[in-house]
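Taken in order, these protein sequences are the chains called A and B.
The first sequence: position 407 = 406 (numbering that gives the first Met the number 0), numbered continuously.
The second sequence: position 50 = 49 (numbering that gives the first Met the number 0), numbered continuously.
By construction, these hints were calculated from the structure, which means they are not laboratory data.
Take these hints with a grain of salt, some might be off.
The list cannot tell twin chains apart, which means a pair is met if one copy fits it or any two copies do.
Derived SDA-like pairs (lysine to any residue); straight-line CA-CA distance at most 25 Å [stated by the list, open to error]:
no., residue 1, residue 2
1, K50, D77
2, K226, A238
3, K226, R207
4, K50, S217
5, K244, R256
6, K244, W410
7, K50, T103
8, K210, T198
9, K210, V222
10, K244, A30
Remember, predicted model here, so these are calculated numbers, not experimental data.
One letter stands for each residue in the lines below.
There are 2 protein chains.
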Amino acid sequence: MSSQTVEQAMLALGENARRAARQMMSASGAAKVRALTAMADAIADSRDALKAANRQDMDAARETGLTPALLDRLTLSDRTLDLMAEGLRQVAALPDPVGSIGPTTIRPNGMRVAQMRVPLGVIGIIYESRPNVTIDAAALCLKSGNAAILRGGSEALRSNLALAAIVRQGLDAAGLPAHAVQVVDTPDRAAVGTLITMTEHVDVIVPRGGKSLIQRISAEARVPVIKHLDGNCHVYIDADADLEKAHAIAFNAKTYRYGVCGSMETLLVHAAVADTVLPRLADALVRHGVELRGCPRTRELVPAARPAGDTDWAEEYLGPILAIRVVDTLDDAMDHIGRWGSGHTDAIVTENLSAARRFQREVDSSSVYVNLPTVFADGYEYGLGSEIGISTNRLHARGPVGLEGLTTYKWVLSGEGQLRG
Amino acid sequence: MSSQTVEQAMLALGENARRAARQMMSASGAAKVRALTAMADAIADSRDALKAANRQDMDAARETGLTPALLDRLTLSDRTLDLMAEGLRQVAALPDPVGSIGPTTIRPNGMRVAQMRVPLGVIGIIYESRPNVTIDAAALCLKSGNAAILRGGSEALRSNLALAAIVRQGLDAAGLPAHAVQVVDTPDRAAVGTLITMTEHVDVIVPRGGKSLIQRISAEARVPVIKHLDGNCHVYIDADADLEKAHAIAFNAKTYRYGVCGSMETLLVHAAVADTVLPRLADALVRHGVELRGCPRTRELVPAARPAGDTDWAEEYLGPILAIRVVDTLDDAMDHIGRWGSGHTDAIVTENLSAARRFQREVDSSSVYVNLPTVFADGYEYGLGSEIGISTNRLHARGPVGLEGLTTYKWVLSGEGQLRG
């Protein structure tokens, strides 16, 4: 296809999505549950067709020399298909956010003012070659009453188109518009360029993937982007910390899983407790295979640590490496986080109430914890029931984004003929 | 200044604002009240200096032939100065939105999850040559804990710089950072170009002014914009309307003030009541000086109406003109609003509960009313206590934006050393 044809095809997709979004806005909760459940059933019924389509993607990907890790993410096994169906049923069971009305105020003239939750409209999701995201994203957009345009990595195109057929079966079964979920059917990169700039047809873009993908999309988009960049997370062990808790929290924050965005990348320790807490913690981490990099004062207490510099304070390792810095005050800890942090998730370990309050009030991150490891940064852990991603934006949704982050509100006012002026 | 110098000056302003925003984030409510009150006092004390600066602007503007309406908006009279001081005291008295914590959930592992309101950060306000906006915008940004960069129309530059000195006195008196409110001191248009693209230093842009200003800024901005485009508002008189209420609501919605964005531009009337309601209403409107434009069925009942076409359905007159259309069903009314409306404010007049419910649920506008005139679209009327503007965005703030629209939230979690996994 020429890039002009791609643009026209995307605009047509956008118009369809906008029309479908208008209908989805007033779709009943029951119809959405029916659609999601029918999709789960259809996955079970179409196991062979889905695996056959996926095998074609896998064969092509092997030929182009995709890495084993990426091949693994591309695979639709029986287990991934089971998880996808289970995920659909879980989303179906979540409370429907649409149409709920918040607290009502009565104005002096008797009119009633409230806010009603409503869908955002059309959501564009851009992701890598992970076909499970197709179903996951479709389910969250559908449950929140939005229309979705899904653009996965080109290596997963056949799998994604097979999954799109499953989604359509679910929509049909529930009498919902077929264009409520559309999968972009061209691998042409120009499609993304149109998707992220057609402000008439798309209300928000959610990129799911690595930092470079998200940076590129954010730089070029005209549609608002719910984006998640770095998670350079800190744990600060205060002078008044319970040192047993501090040890356990810091160890868990680093070792729970190296690759998650809530993983601790820098540990800050108050000078008053550094000599008690650091040697034992360093020992446990090193035995667990974690490489340590420290400031000069850290290295006096932990000879195994290599010297840490500014690049270490700035880096999101996403691996078995930890930077450590000894600080003299709570303010120094907060200054370090303000300067080097990414505003994702930061924690203090302390038994001192005013230190906890100040840290939670003054650290400007989307999540700020007291006496908890940063690895709790996850929509499920927060009780959101689902998660489309973690936002490091300041406007609209911040931190873990669940169904509510895919909705907005409108004002609903009622009266009995009150007039103005 | 060369445009490169302007860019450097704006970047310096941005860095100052970012630093000030960090300090403002934890400023106490008391300090903010002190600053706002000191500004109100300083206006009273500096009346002569302010009027002298304003006279220079007025003289220059007269020479360049500014229209009387624009000269009027540029004037700082004793009365405008009184209103500005009064406005500052009113904002000072509003509840402080920053630091409040919403409902707390306890998770199965005992950790507590809540959201805390926090400032957005740095807000850029771009407005026309109305010096009162300088004080109004400074007050709202300050009260909500943000740093502000203010860029008013060049005709008001001397007035705005004199007002900036007043603001600085207030900040000094309260021990708040001097850069918490900065007024751009160059009339060079390149300053706006830098302001709306320096995403590192500015978190949101609020343009206040005419549609062309807002369109231009939205098209070029890289920073998110809280924007307000058209207010093409509708009143729909349902078959089950109380016709006395309908008459009063429609008359008020058109005639309260022609120039406000909540003013009704198109009246939709159900065919079953059109012959009862339209002739009398049309008569009252015509006698009030309103020009009527109608669909063919309207013109059978209202011979005075000129023919209405698509341009009338699309237009925001902001003047003494009203388009009228007779429709056969509630759905036809909602389709008309969906196609021609601007998503600002739309109202139904009905005594029928299911018609009211459907209209409020299905009309996708930022405000949807039952039995109220659209001219209530105003933050003060909603009980917000103040208003920076009315947003027609879908993300973040929607409809009238008060102090809360200038804040965001962060997640605050507390535990006793719970671990993950």
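When no copy is specified for K210 and T198, does a C-alpha distance of 25 Å or less occur within a copy, between copies, both, or neither? Close inside one copy (23 Å) and across copies (17 Å); limit 25 Å.
25 Å Cα threshold - placement of W410 relative to K244: between (46 Å within a copy, 22 Å between copies)
Within a copy, between copies, both or neither: which one fits K226 and A238 at a CA-CA cutoff of 25 Å? neither (35 Å within a copy, 47 Å between copies)
Within, between, both or neither: how does the pair K50, S217 come out at a Cα-Cα threshold of 25 Å? neither (34 Å within a copy, 46 Å between copies)
Intra- versus inter-subunit Cα pairing at 25 Å for K226 with R207: within (8 Å within a copy, 27 Å between copies)
Taking 25 Å as the upper bound on the Cα-Cα distance, should K244 and R256 be classified as within, between, both, or neither? Intra 19 Å, inter 64 Å, cutoff 25 Å: intra-copy only.
Checking an output row: K50 and D77, CA cutoff 25 Å. Within, between, both or neither? within (8 Å within a copy, 78 Å between copies)
Same-copy or cross-copy closeness of K50 to T103 [CA-CA at most 25 Å]: So K50 and T103 fail the 25 Å test inside a copy (51 Å) and across (44 Å) alike.
One pair to classify: K210 and V222, alpha carbons no more than 25 Å apart. Within, between, both, or neither? Answer is both; intra-copy 18 Å and inter-copy 19 Å each pass.
Under a CA distance limit of 25 Å, which applies to K244 and A30: within one copy, between copies, both, or neither? Neither: 48 Å inside a chain and 37 Å across chains, both beyond 25 Å.
In this structure, the earlier hints numbered 2, 4, 7, 10 are contradicted, and the remaining ones agree with it.
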